[in-house]
Amino acid sequence: MRRLNKRGMDDKLMFIMWEFIVIVMVFVVLTMSVRGIANDTTYWKRYHSADLALMTDLIIANQGDFTINYDMKSLRQNFVVKAMRIDPLKFLIFMKIDSFFVYDTSIEKDRFPESFIFAKDKDVIVSPSNTSSDYVILYKKEGNVGMGSNSLSESISCPSADTKGDLSLKSFSALALSDDIKSYSSFINSRLLIVGKGNANEALFTLKTSTTATTTIYYDWSQNHISNKKMACLIQRQLLQKFPDMNIVSKPYDNSLEIEPFVSQRNNYMYWILIDVNTTAITNSNISDSIASAIEEYYG
Amino acid sequence: MDRFMNNIKIKKNRRGQAQYFLESAFRIGFLMIALLAFFLLTNFYVVNRINTNRLQSEVTADRIMYSDAIMYEENSRIYMGIVDVKKFNDDTLSKKVDYQTQKHATARLDLRDNIDGDIKYTAYLNKAQYENLYVLAKANANGKGSATIYTKDYPITYKNGTSYRYGTIIMTIIIPNS
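Residue numbers (our numbering), protein chains in the order written: chain Y, 137 to 436; chain R, 4 to 181.
Hints were generated in silico from the structure; no laboratory data involved.
Note that this is a predicted model, so its numbers are computed, not measured.
Each residue gets a CB set at the ideal place from its N, CA and C atoms; glycine is no exception.
Errors might be hidden in some of the hints.
Calculated Cβ distances over 10 Å to all of chain Y for the following chain R residues [unchecked claim]:
no., residue
1, V50
2, T55
3, D71
4, I85
5, A108
6, R111
Straight-line distance between alpha carbons at most 27 Å, and here's what the computed DSSO-like set of lysine-lysine pairs gives [stated by the list, open to error]:
no., chain 1, residue 1, chain 2, residue 2
7, R, K130, R, K141
8, Y, K258, R, K141
9, Y, K232, R, K89
10, Y, K300, R, K98
11, R, K106, Y, K232
12, R, K106, R, K162
13, R, K90, R, K155
14, Y, K300, R, K147
15, R, K130, R, K147
16, Y, K318, Y, K258
17, Y, K258, R, K155
18, Y, K258, R, K106
19, Y, K218, Y, K277
20, Y, K300, Y, K387
21, Y, K277, R, K155
22, R, K162, R, K141
23, R, K141, Y, K306
24, R, K141, Y, K226
25, R, K162, Y, K232
26, R, K130, Y, K277
27, Y, K232, R, K98
28, Y, K277, R, K141
29, Y, K300, R, K90
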């Protein structure tokens, strides 16, 4: 009888071991299945391609300049994500002339990228581009639609007021509010003589030396405020292209600098801009080039 | 005697084996059912499809109504809500809402006068595709290859020459099922 019991125990042990193997197999299959589901990026590819395309649809229909900072889906890192070895999402986005293609770069040859079509406007030009950044910037600027991944400060969107004009009829002046910045105003005046060759007093650029590291461009908010804001914004954008890391802001004038001859001179001009310049970083040629380029963009 | 004992041994072993086999079969069967339920539930709840049909219809409608496609324009300024009947035609719509492929959103716009209730003007976005999909959608054909119809009404003023009249744009948008 003892021999019989031993045989029974052997058989039972075999069953238990077999069951144990099955449990291990089930655990592995379940883990792989969950990881596969978590790593499946089909949904996000579809989501981003449709979302970006529908947004581009609205950007194209919009009349003015437009910038959208679009944050891509990111994966939160936590214990489960690390334990399951779930890959972070990485997408390569192609903006074509009529559609968005979203590829999953973690798949070596993602043969079936998700795409979504947007409606074009025959008067609007779409510039094809691609990016693999964590966020994309969709923009419309003067009838051109594009996509990029520049830093946010470089993608300032200025008011889209119609300010086209004939520069040959207009004149521009620069005025220094203190002696230490007179070299700047004379440099700018000589540059502005080339830009505007007319007699009509159009814009006055008043300069002051900043006591801080910030360069502030003040614009008149009391009249023609959108046009003034556009001019200040264009100068700011030009300066930021030269000094991307510098703190350059534009804001409405707050009556804090009521200094002669600024007060007496400003009413002689259609527009005026007051620039509080950080002269330690920005030279007279930098600022004159920026103002001249901004004027050409403003009236062009 | 030995032969007798061997017979008993085999019988005993078979009984033990059968008992454990039945127990294991039940456990394995239950495990299989649990696994099947897991895969069915995950496949059921994991969403991989996005239905953007309604959103596409809204974007198309907004694209037409809140742009310079059919609205009155003067000195680079667009007057939203005032429809210029000179622009209310298929050519302007296809120029302003230009889908490079035929298989996308289509729309029919009827401009109804609010005083006499007559449809004064009709314009199509992608007319050929509209007529194909309209038949399928009205026949209640579901799934890929068919389409879904959305209808929207917009109260507007329409400008015909120098006269302004109250009207309604009845927009029928058809989005192909994806």
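Evaluated hints:
no.: 1; hint: V50; result: violated, 6 Å
no.: 2; hint: T55; result: violated, 5 Å
no.: 3; hint: D71; result: violated, 7 Å
no.: 4; hint: I85; result: holds, 15 Å
no.: 5; hint: A108; result: violated, 7 Å
no.: 6; hint: R111; result: holds, 16 Å
no.: 7; hint: R:K130 to R:K141; result: holds, 16 Å
no.: 8; hint: Y:K258 to R:K141; result: violated, 32 Å
no.: 9; hint: Y:K232 to R:K89; result: violated, 32 Å
no.: 10; hint: Y:K300 to R:K98; result: holds, 25 Å
no.: 11; hint: R:K106 to Y:K232; result: holds, 17 Å
no.: 12; hint: R:K106 to R:K162; result: violated, 33 Å
no.: 13; hint: R:K90 to R:K155; result: holds, 20 Å
no.: 14; hint: Y:K300 to R:K147; result: violated, 50 Å
no.: 15; hint: R:K130 to R:K147; result: holds, 20 Å
no.: 16; hint: Y:K318 to Y:K258; result: violated, 49 Å
no.: 17; hint: Y:K258 to R:K155; result: holds, 26 Å
no.: 18; hint: Y:K258 to R:K106; result: holds, 19 Å
no.: 19; hint: Y:K218 to Y:K277; result: violated, 42 Å
no.: 20; hint: Y:K300 to Y:K387; result: holds, 23 Å
no.: 21; hint: Y:K277 to R:K155; result: violated, 31 Å
no.: 22; hint: R:K162 to R:K141; result: violated, 33 Å
no.: 23; hint: R:K141 to Y:K306; result: violated, 63 Å
no.: 24; hint: R:K141 to Y:K226; result: violated, 42 Å
no.: 25; hint: R:K162 to Y:K232; result: violated, 37 Å
no.: 26; hint: R:K130 to Y:K277; result: violated, 32 Å
no.: 27; hint: Y:K232 to R:K98; result: holds, 19 Å
no.: 28; hint: Y:K277 to R:K141; result: violated, 42 Å
no.: 29; hint: Y:K300 to R:K90; result: holds, 26 Å
Checked against the numbered hints above, the structure breaks hints 1, 2, 3, 5, 8, 9, 12, 14, 16, 19, 21, 22, 23, 24, 25, 26 and 28 and satisfies the rest.
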